[in-house]
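Quick mapping for you: the protein sequence lines, in order, are chains Y and H. Heads up: the first sequence at position 153 corresponds to 153 in the numbering used here, and the numbers run straight through without jumps. Heads up: the second sequence at position 285 corresponds to 285 in the numbering used here, and the numbers run straight through without jumps.
In short, the hints are calculated from the structure, not lab data. A few of these clues could be false.
Unchecked claim - Distance windows between CB atoms, simulated:
| id | chain 1 | residue 1 | chain 2 | residue 2 | range |
| --- | --- | --- | --- | --- | --- |
| 1 | H | D305 | Y | V40 | 49 to 57 Å |
| 2 | Y | T118 | H | R309 | 36 to 44 Å |
| 3 | Y | G148 | H | K127 | 31 to 39 Å |
| 4 | H | P53 | Y | T107 | 18 to 26 Å |
Backbone N, C-alpha and C define an ideal beta-carbon position, used for all residues, glycine too.
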Amino acid sequence: MWNFVKERWDLILYNALQHANLVFQAVLVATIVAILLAVVVNKFRMLESVANTLSAIGLTVPSFALVGLLLPVTKIGATTAFICVAFYATLPILRNAVVGFSQVDATLLESAKGMGMTELGILMRVRLPLAWPVIHAGVRTSVQMSMGIAAIAAYVLGPGLGGYIFTGLTQAGNENAVRYALVGTVGIVFVALIADLLMLLLGRLTISKGIRA
Amino acid sequence: MTETGGTNSDRAISGAELRLDNVVKRYPGQKVAAVDSLSLTVPAGEIVTFVGPSGCGKTTSLKMINRLIEPTSGTILIDDQDIRSDSATSLRRKIGYVIQGGSLFPHMTVATNVGVVPKMLGWDSAKISARVDELLDLVGLDPDRYRDRYPRELSGGQQQRVGVARGLAADPPVILMDEPFGAVDPITRQRLQDELISIQRELGKTIVCVTHDIDEAIKLGDRILILQEGAQIAQYDTPENILAAPANDFVADFVGAGSTLKQLSLTRVRALDLNRPTTARVGDDTAPVMQHAEQAGDETVVVLDDRDRPVAWPWLRQMRNNPTVRGEPRENLLTIDQAATLNDALDTMLTSTHSKVIVTGDRDRYLGVLDFETVTDHMRHAEREAAEHVEQAQRENGVPGQGRHERTPEDSHD
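Model the full assembly from the supplied sequences, consistent with the hints where possible.
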């Protein structure tokens, strides 16, 4: 096992970084999309239950099935993998963002308005910072979830460590099959742990001390 | 005249005149207008309190002034300028807004909270931080200690002080307050009211303050607007005139019984003579101070800091053991502002071990000590005067108790 890893170390490292990169980009886009959607949902309150239902249904769609649905449109490759990961990454963030925004005290918003803040000013300086702890928690969940989804997305030759798992599956019975699967799995767990630590750090840096739990 | 306050003119006024002209607010689907044709002039530099039962439209009226609610018809003028001549946001940046509990942004430090409006107005950061420190000092919070704190690290009273500082930040001519002291305990509330009066004495803003508490309205207001259902004006007059001559039964009921006692809350501490017992500074030698106090027959010494603020009020026996005067003990140090009412003064004395209370002026500077006898003497005197006044009114009208619509020029407290 040791030699197996040692021989492929550079490639494994490269794939781990690719994996992290895919998740990072997908979650970044997902966060922006989710926040924008949540702003709209928050504006029209009746959309709230629609958003919640959709994100609940969305999460029940097996990722494998989504990959299959996307294939005819976006073909094999990184794009399909990216869209797939970003789709799932959006859902928990959207749910948390909707909740986070709705929890902001209405009197604070009125007071901000009464002081002469513009709509955009209120969003950027009051609503977003106050909802951020909840949104951040959603992003953190999303990062963890996306690590697994990115592995599945490797089926369409997306980047990352998922490739090792599929190699392992296709070579079942071969002496290296288990090693491939193990490298993929353990690698993803490591990347996920490091990503979670970074998310924790991000929280420390971006959540105001005044509202930190 | 050395005293300023009330409607006197010998002080700086930075406020602007506020005029409401036939203002109507009608919500769709409601038969009765929330505010029905309200016309009113608030003179520059005065505090006007809007008071009335809940649902009378007082908060709606207030929020129309900074366009949080747009009137259905009618005009509102600040300094003779229609408030709709500019955008709502730029109007609001020129009007201070203070609401219940301070409504501070919890994720911002005290300094950032206070600096919100100046920042929007594009002040540079050095000017903002200088202004923040100035304002914190004005509301009685030590800038070095509180500047970088978050709202949750402050008590309710301190949060409310920061809220007031934030409302004053960009030096707006008009300040709107919506139940500003509704969320704090009665003692803190009394202090905050005193401080507001003291700040107003210094700044001379035009302040509109909504409250449901008639006592607060009487205490704070240079004028009181008493509103009935539909924001109909029941009476708009000085507290003295409202108490002496309620315009109708609604006002009489609303002002309530015990209006003689309420007169007590019209009289400010500054109208009374204060005692000037022995004072000392922190760090003075104890011996000469003690000697001076004993000669003057004082049992206590008021200890001041380098900015003339009282910091301790020890009995002589407590001082004897220290070679120099110390700023301790602080426990029994109870102070009130010179703008506090006699009601508040009596209240405070009752809880003090001295049965006296220290009176302070602008920025907590020491003025003197008020004792129980001075207050009771004044009360007896006022009672006699009131009795004579009523007798006279009855003689003039022929009918007892019908002097209501008459404007009685009250020889007022200050």
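**Asked** Which of the numbered hints above does this structure break?
**Response** 3
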